[in-house]
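Using the sequences and the hints, build the whole thing.
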Amino acid sequence: MIGVGGRYFKGRDEKKLPASRVSVTFVYTRGRFNTTPHRMNKAKSVFIVLFLVLINLSLLHVATLSWHSPLGPGWIGVFVLALPNFYLFVWMFMRRRARTSRNLHLLMAANLTGIALVLTDPGMEADPLPLILGNLIFFGSIAYIFWYSNLGERNNAMLNEGEKLPVFELNTPDGESFSSEQFKGAAWLLMFYRGNWCPLCMTQIGEVAARYIDLDRLGVKVALISPQPETKTKELAERFKVPMRFFVDTDFKASKKLKLVHENGVPFGLKWMGHGEDTVLPTVLIINKHGRIVYSDQTSNYRVRPEPEQFLEVARQKLGGAES
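So that you can map any letter, position 38 of the sequence shown is 40 in our numbering, and since no number is skipped, the others follow by simple counting.
None of these hints come from the bench; they were simulated from the model. Treat the hints with care, as some may be off.
Straight-line C-alpha distance at most 35 Å; calculated DSBU-like pairs for lysine-lysine [unchecked claim]: (1) K259 - K166; (2) K46 - K186; (3) K223 - K258; (4) K223 - K261; (5) K223 - K255; (6) K236 - K166; (7) K320 - K273; (8) K243 - K291; (9) K46 - K320; (10) K234 - K259; (11) K259 - K320; (12) K243 - K273; (13) K291 - K261; (14) K46 - K258; (15) K259 - K186; (16) K291 - K44; (17) K186 - K236; (18) K46 - K166; (19) K46 - K291; (20) K320 - K243; (21) K261 - K273; (22) K44 - K234; (23) K320 - K261; (24) K166 - K258; (25) K258 - K273; (26) K46 - K255; (27) K234 - K273; (28) K291 - K236; (29) K234 - K186; (30) K291 - K166; (31) K243 - K259; (32) K234 - K320; (33) K186 - K255; (34) K291 - K255; (35) K236 - K259.
The calculated label-pair distances, taken between Cβ atoms and stated as ranges, are [as the list claims (entries may be wrong)]: (36) K261 - A128: 53 to 63 Å; (37) L108 - S179: 22 to 32 Å; (38) P124 - V51: 48 to 58 Å.
Idealized CB from N, CA, C, for every residue including glycine.
Right, dumping it as structure tokens:
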């Protein structure tokens, strides 16, 4: 959309005006520009790798310095900044829980403490490196919390509660075709996960596996869907001894139809490990035996995910008397 002389035109209208009389004002409309999210996601995929390298090298450098001489306030500040950020990623990879708080208040408190130590270091002029590293970690952490983790506003109407699940095609890890129509006849929990590389996805799958018996007693089957290669899905399926169904979204056929494709959502470099560049937006749906959606979680933050108890509560309340 463009603004011309106080009026707005769409489509071909703007081409009908003489160029000499046109003053253009670009108007941002949420969700209208396709290239910006693509480039933004590409920047995010590179950012997360650089940020992890930064905090690891900073900790290594601080450890080396502390071995030779006492640390000044600036380097202590760098340590206070780097360590909690490092621990956050270690904690996620240790698969303690599949979620964090949205704004990570404790991490923000550590960030503020660390940057305060850096900025009040009396030796800043003699050695500016703590100031440089401190600011990079501080603003990098803020970018991670409020920018990288944010998936944008998601309100996919076709996946809202009460809607019929659209028809789409999947594949089993063995390459056999599977239609979403085959979900009918039973209640299903459908989890679209990003891939084996995502620690929170793996933890969330583990949580569902741990409550599989409870879900099964309530008549709910589990389907786990990812666009990752079949070999990766086979590896994952072999880890769990419960009869959950694993599916491959080959060529993003299902994700495209459901508008769940996350372009450049895979961290930079993982494509050379067989994960590709694109992935799926983490989404959980529960459908009844008629294929109608009774629960939909379209998270706007990859670190904020529903508790397994929510799935059980939905099964208890909505599946017994769910309408057709």
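Against the structure, the hints:
no.	hint	verdict
1	K259 - K166	14 Å, holds
2	K46 - K186	38 Å, violated
3	K223 - K258	24 Å, holds
4	K223 - K261	24 Å, holds
5	K223 - K255	23 Å, holds
6	K236 - K166	29 Å, holds
7	K320 - K273	40 Å, violated
8	K243 - K291	25 Å, holds
9	K46 - K320	38 Å, violated
10	K234 - K259	23 Å, holds
11	K259 - K320	26 Å, holds
12	K243 - K273	29 Å, holds
13	K291 - K261	23 Å, holds
14	K46 - K258	21 Å, holds
15	K259 - K186	19 Å, holds
16	K291 - K44	39 Å, violated
17	K186 - K236	25 Å, holds
18	K46 - K166	34 Å, holds
19	K46 - K291	39 Å, violated
20	K320 - K243	28 Å, holds
21	K261 - K273	22 Å, holds
22	K44 - K234	23 Å, holds
23	K320 - K261	25 Å, holds
24	K166 - K258	17 Å, holds
25	K258 - K273	20 Å, holds
26	K46 - K255	24 Å, holds
27	K234 - K273	13 Å, holds
28	K291 - K236	27 Å, holds
29	K234 - K186	27 Å, holds
30	K291 - K166	11 Å, holds
31	K243 - K259	31 Å, holds
32	K234 - K320	34 Å, holds
33	K186 - K255	20 Å, holds
34	K291 - K255	23 Å, holds
35	K236 - K259	24 Å, holds
36	K261 - A128: 53 to 63 Å	55 Å, holds
37	L108 - S179: 22 to 32 Å	47 Å, violated
38	P124 - V51: 48 to 58 Å	35 Å, violated
Comparing the model with each earlier hint shows violations of hints 2, 7, 9, 16, 19, 37 and 38; every other hint is respected.
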